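One line per chain: the protein sequences are A and B, in this order.
The working numbering numbers the first residue of the first sequence as 1330 and each following residue consecutively.
The working numbering numbers the first residue of the second sequence as 18 and each following residue consecutively.
Treat the hints with care, as some may be off.
Chain A is faced by these chain B residues, among others (derived, beta-carbon under 10 Å) [as the list claims (entries may be wrong)]:
| # | residue |
| --- | --- |
| 1 | Thr97 |
| 2 | Ala117 |
| 3 | Phe173 |
Keeping only pairs whose Cα atoms sit at most 25 Å apart, straight-line, the calculated DMTMM-like set for lysine to aspartate or glutamate is [unchecked claim]:
| # | chain 1 | residue 1 | chain 2 | residue 2 |
| --- | --- | --- | --- | --- |
| 4 | A | Lys1684 | A | Glu1544 |
| 5 | B | Lys127 | A | Asp1759 |
| 6 | B | Lys353 | A | Glu1377 |
| 7 | B | Lys125 | A | Glu1377 |
| 8 | A | Lys1372 | B | Glu355 |
| 9 | B | Lys125 | B | Asp60 |
These are computed hints drawn from the structure, not numbers from a lab.
Computed from a predicted structure; not experimentally measured.
From the three backbone atoms N, C-alpha and C, an ideal C-beta is built for every residue, glycine too.
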Amino acid sequence: MDVVLLSRIQFAFTIAFHYIFPPLSIGLGIFLVMMEGMYLKTKKKLYEQMTRFWVRIFALTFAMGVASGIVMEFQFGTNWSAYSRFVGDVFGSALAAEGVFAFFLESGFLAILVFGWNRVGPKVHFLATVLVAFGSIFSAVWIVIANSWQQTPAGYHLVGEGANVRAEITDFWQLVFNPSSMERLSHVLSGCWLAGATLVMSVSAYYLIKNKHVEFAKASLKMGIAVAAVASLLQLATGHLSADGVAENQPAKLAAFEGHYEASAPGDMYLFGWVDEATEQVKYGVRIPGMLSWLVHFDSSEPVTGLRSFAEEDRPPVNAVFQSYHLMIVIGMALIAISFGAAFFLWRGRLYGMKWFLWMLVLAVLLPQAANQLGWLSAELGRQPWAVYNLLRTSDAVSPILSAQQAWFSLIMFILVYALLFALFIFLLDNKIRTGPTGLEDETSTYEYTKRGVESLPLDGRKGKT
Amino acid sequence: MELTFSLNTAWFALIGVLFIGYAILDGFDLGVGALHLLGRTDDERRVILNSIGPVWDGNEVWLITGGGALFAAFPHVYATAFSGFYTAFILLLLVLIFRAVAIEFRSKRKSRTWRSMWDTAFSLSSMVIALLAGVALGNVVQGVPIGPDKEYAGDFLRLINPYALLVGVTTLSLFVMHGSIYLILKTEGDLQGRIRGWAKKAVGAFIVLYIVLTAVTLTTVPHMTERFRDVPALLILPVLTVLAIANIPREVTHAREFRAFLSSGATIAGLLALFGIGLYPTILISSTAAEFSLNIYNAASSERTLRIMLIIAAIGMPFVLAYTISIYWVFRGKVKLESMSY
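Taking the hints into account, I'd like the entire structure generated from these sequences.
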């Protein structure tokens, strides 16, 4: 494999792994604000218990996000130095804003959120919770702006020639509000809220099935369902907006979404199918004729630009984009059905007794995770062969001095370390869920030496003293 | 042109401030990590770990923001250094991950094997990060082979050389000293008494290494002192740094740890400022040919970007400082182990 492919695999792998966690933090963030807000308002012990429990889950996802996030920032330089030289001037402002406005806010007030219970008053603690929740959203804002600029560059001009050409900023606000940034941001954020909401639903449903922490579980589940219902609809609406934007700004990507080859003909929408890139046809598909044209132009006979309008070397990998896009949509629809199903059964008063449905909610936590990954996959693969759309090819973006040997080394290291990290994350998440909201007090205050270790610790008479 | 000059210099200085902030803040928590295994019981180790519990994450943000600012203000330096020192940076990233994981996970199970495994990981990774940071500085001081295409033209092993290792070991001793003084402030009783002993040894080790490093630097990399010959007024800085260093053993002996901590913080700031002034206006010295060096002009972003970022920094940094200080204020005083502690 060549350096470009290895670097792409490494970037995809590390960002996909990283992206398990920030959506959970962003999603749980609004739950913490709601729960602690309810606690301040009602002074009910239950809401305090809920806040404390979910803070512990939040802290875990946040720590994983930080550990895997540092890699992302440095990887632009290590593997994509040509890209870094090209975009540095444009990304500069967005990155500076992210560091100064978001990272310090999040990580600083996280300390008070997690460790500050006995050190600040309830109102200050609530303020910290709100600031951490906002901080996590701010990070998403700036990073999505930067990524959107790669999809739909705006507010820049090109300076220099040949290998020294780079984009320089001409208008900061055009960069911030580039043609795709706001619709993509809204789509990303509702995906994050869904990720958080399904985690809350999943854990609560599990407690209900096991008949543990019932009061806690019911209250958490209600909040989870409310957020999931709203977010799943928002996801549909913002998804439509994003697709409209893609149609306008990245026609090759839109054509790949639906395997639409003909240069200028009405576009169909597929429910599913398999794109044969050799014959340029969608096989085994079920389609709604003219639906793509209708969604884009509100007229099923309007032509939509097809892949044949683009030279072959300018087309994305069609079938991979098609499949990830369609799977994402199927999952999104399933999430709407599940959220509203849950809301319906809750309203009818039947939900807590329906074990099969509760089990479905337990497993539903995986759906937004899958949809988020697939959505990004279709967005980023759909941008290919460009690193910066129509400006910089991915093959020209890689570090020129990187050797395949170095790239193999780092890829293998990341896979090994992340496998360990993921195992630990699941282990700890499971541990926290088993400990539950009431098991907090006795968790870490004493230390029990295993028999093997007692004699080698000279001061173990002090054990248990905290 | 006058404006460009001041903007580029301003960003050189600002990135310097971010790295100084990182070195002072993460410096003590890396030092605490390096000392962690000296805790004899689990409670002692938990006290040591929790002395940095609420703040280590925020401290690391200074590195992330410094790296981001470097990318933004001097993209060519960022691109050349990170792709050139590929293997070193990948190792650094893995060690940073390991350290974060070790802090998060060590107290999650009550098994002794589990905890001592993570304790070792935490301590070793802290030492390696301090060492690598110093090795990186050492290489920047000496210069690295950079070609006309702005790309690094050396290999990984070239980065491991005697001078760089000396800077690495000195950095480690500086952080251990800084961390041990911080620990005295956060502990009490028995443990505090023993840490006082560690601090004295660390101060001694650092001063010896500092003298050796200064002598070697003056004789083998004279280009770092040129600026001081041109502008003698700048000599006040090394004088102040030496005074700060000399003040550390004095304050430690008189058990005035807060003042000692301020002095070791000032030492870190002074040494990094000397390093920055020695380099200025170059950032990455090319050992191949001087004209291939990356400096604050040929490696910089456009004037417009530097100006926008300066506005962002001017709005944001006062907030950052305000809540950094308030968070340290909230968590002032001795460590108390609680149910949410590590």
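Hints, verified against the model:
For B/Thr97, the suggested interface contact is upheld, since its CB lies about 7 Å from the closest CB of chain A, less than 10 Å. Because the closest C-beta pair between B/Ala117 and chain A is about 4 Å apart, less than 10 Å, the hint holds. Hint status for B/Phe173 relative to chain A: holds, with the closest Cβ pair at about 8 Å, below 10 Å. A distance of roughly 17 Å separates the Cα atoms of A/Lys1684 and A/Glu1544; the hinted pair therefore holds under the 25 Å criterion.
Straight-line distance between C-alpha atoms of B/Lys127 and A/Asp1759 comes to about 16 Å, which keeps the hinted pair within the 25 Å bound. Taking the CA atoms of B/Lys353 and A/Glu1377, the gap is about 22 Å. The hint holds against a cut of 25 Å. Distance restraint check for B/Lys125 and A/Glu1377: the Cα-Cα separation of roughly 22 Å lies within the 25 Å cut-off, and the hinted pair is therefore satisfied. Of the supplied pair hints, the one linking A/Lys1372 and B/Glu355 holds, its CA atoms being roughly 23 Å apart against a limit of 25 Å.
Restraint check for B/Lys125 and B/Asp60: the C-alpha separation of about 14 Å stays at or below 25 Å, so the hint holds.
Violated hints for the displayed structure: none, as all numbered hints are satisfied.
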